[in-house]
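Taken in order, these protein sequences are the chains called A and B. According to the numbering used here, the residues represented by the first sequence are 20 to 248, in order. According to the numbering used here, the residues represented by the second sequence are 7 to 385, in order.
It is possible that some hints are incorrect.
Quick look at which bits of chain B chain A covers, simulated, 3 or more residues with Cβ under 8 Å [said to hold, decoys possible]: (1) 174–188; (2) 224–238; (3) 247–255.
Think of the hints as simulated: they come from the structure by calculation, not from any bench. Using N, Cα and C, we set each Cβ at its ideal position, and we do this for glycine too.
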Amino acid sequence: MSILTFAMPSKGRLMEAASELLGRAGLGIDRLGAERGYRGQLRGIEDVEVAFLSASEIAQNLRDGKADLGITGQDLLEEKIPPDEGSVTLLLRLAFGGADVVVAVPECWLDVASMVDLDDIAESFYERHGRRLRVATKYRNLTRRFFAARGVTGYRIVESLGATEGAPAAGIAEVIVDITTTGSTLAANHLKVLDDGVILRSSAVLAVRTVGKEDPRVQRLAAALAAPA
Amino acid sequence: MAGRSSQERDGLERQNAALIAVFERAGFDHIAPDIIQPADIFLERSGEDIRARTFVFTDPGGAEMCLRPDLTVPACRYHLSHVEDPSAERRYCYLGPAFRFPDELLSPQEFTQAGLEWFGAGEPVAAEARVLKLTISALEAAGLTRYRVTFGDLGLFSALLDDTEMPARWRQRLRHHFWRPHAFRDLLQSFSVGGGARQSSISPLVSRVAETDALAVVEAEIAARSLPLVGGREPGEIADRLADKAADRRERPLDPAKAEQLNAYLAIAGEASGIDSRFQSIGGSERFAGARNYYARRLFEMEELGLNPRRFHFAAGFGRELEYYTGFTFQIEADVDGGAVTVAGGGRYDNLLSDMGAPSPVPAVGCAIHTDRLRAVLS
């Protein structure tokens, strides 16, 4: 049997929570090589190699076939892989890593509550200021899809790879699309989520290449991860 | 496919030589706008949907550039940089590559577009009929025999809307949403139900604004909550919109019969030359009557040019995908086994040159032919 590559986040909360969940299911991970090696062996299931990757690379690795299954955020998965592509299947939502991808605007925009308002603003903003409303985000694709589905077109995306919530104050963008758990970062930056501005209620997920979905090792891992905490 | 063979290249070039010869003979100046364009004009003008399909890159100086996704904007830039008075009449044609990320129709990423743009034409109806005629002549010169022509007319819709009694800002919002049929229907519905917008997180504030000066409410709120003014909008702008929302609540609802009239108009479709009786049954008043007259004169001009509008199809909702256009719009589809392939389209876009810097709107009519699709149909 060929070796199955199981991609895990290499650091952070996602990695800790995933390791803990696996450990409780009796599936410890032995890291190979130096202490912080990027390869590992799964105890309890034969022929599974663990690859520690940055959470944002896992979706792409699944899509390219460099990993067979993996734990990553649903937000990253849906951002990297178009929903109709079918190459990767979301097998299981996990009980950690919960966060929402939201559309947020400055709190001082007292007249804006919904995506319809945002569309209105986009129009008048262009007329008044001669440029498009800018949306700062690292979720280029999620943003485009959501805005298109709500008929909002008159904006442009400004790529933001960190501290997106600071973009309006810095004058880089007017609107942001970002991930939030408690909303406190947004509040601290005087931003508010639109009434209908939740793009995705995300969590950590177990995703698998669709071709290998039925592999018994995949099924065993899914069963272990699905066990109630 | 990684390129064309010599036969494929030769076939496409012969076809395109036939297309462009028709435009040149008609007195259109054959120009070659830049392939690499500043991205801003496309992006500011078209928004994120086009940007998603445009090859954008940064030049070594940090400026955002793109491979042109279309030749209309480059032709406008050419005009603005070559002519002292942008409202001067000019007739241009072009033949060259354009670039887009493939869409669901699996069109190639680079394709050759042939087209023409007519700026500052004195007689609007004549120019529209003539552009349609030239497009058809070019396609026929290339060998296309079986095709269908569909057109729309945003002028008719706009006139009917102007004839419909409602607050000006409602009209403006409906016009804006014309491009999004779902949002349009919802908005129209909300106007005829009355009572302003649905409940939302800002409803209480709208209620307060309804009773007093909007700007005072906004400034007090911003001060009380110590909200920093970010996002580039002034308190006055915000107050104006809140005041509009409050006014919407007090407004008498739109007569449902009038809402129905707009929907009924948008559902009209049929043979282009016999459609006026359908317009007539809609009603409307002065402005709509004026637009019907304009439509009739355009049909007359088409016939004068030897076209047969009885073979053409009119659809009131046509053009709802093409935010560019301001009046007449058309599309030509080649008949193929089991369906149709869009090979050309065009229309009137009177706001583009002024959006790009001309001091006042310049009449503009144009067309574009997707030459690779045409080649695929013909071979």
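Check of the segment 247–255 of chain B against chain A for coverage (Cβ-Cβ below 8 Å, three residues minimum) = Since 3 is at least three, the answer is holds.
Chain A covers the segment 174–188 of chain B, three or more CB atoms within 8 Å, holds or violated | Answer holds; 6 residues pass the 8 Å Cβ test.
Count the residues of the segment 224–238 of chain B with a beta-carbon closer than 8 Å to any beta-carbon of chain A: does the count reach three?
-> holds (count 10)
Checked against the numbered hints given earlier, the structure satisfies every one of them.
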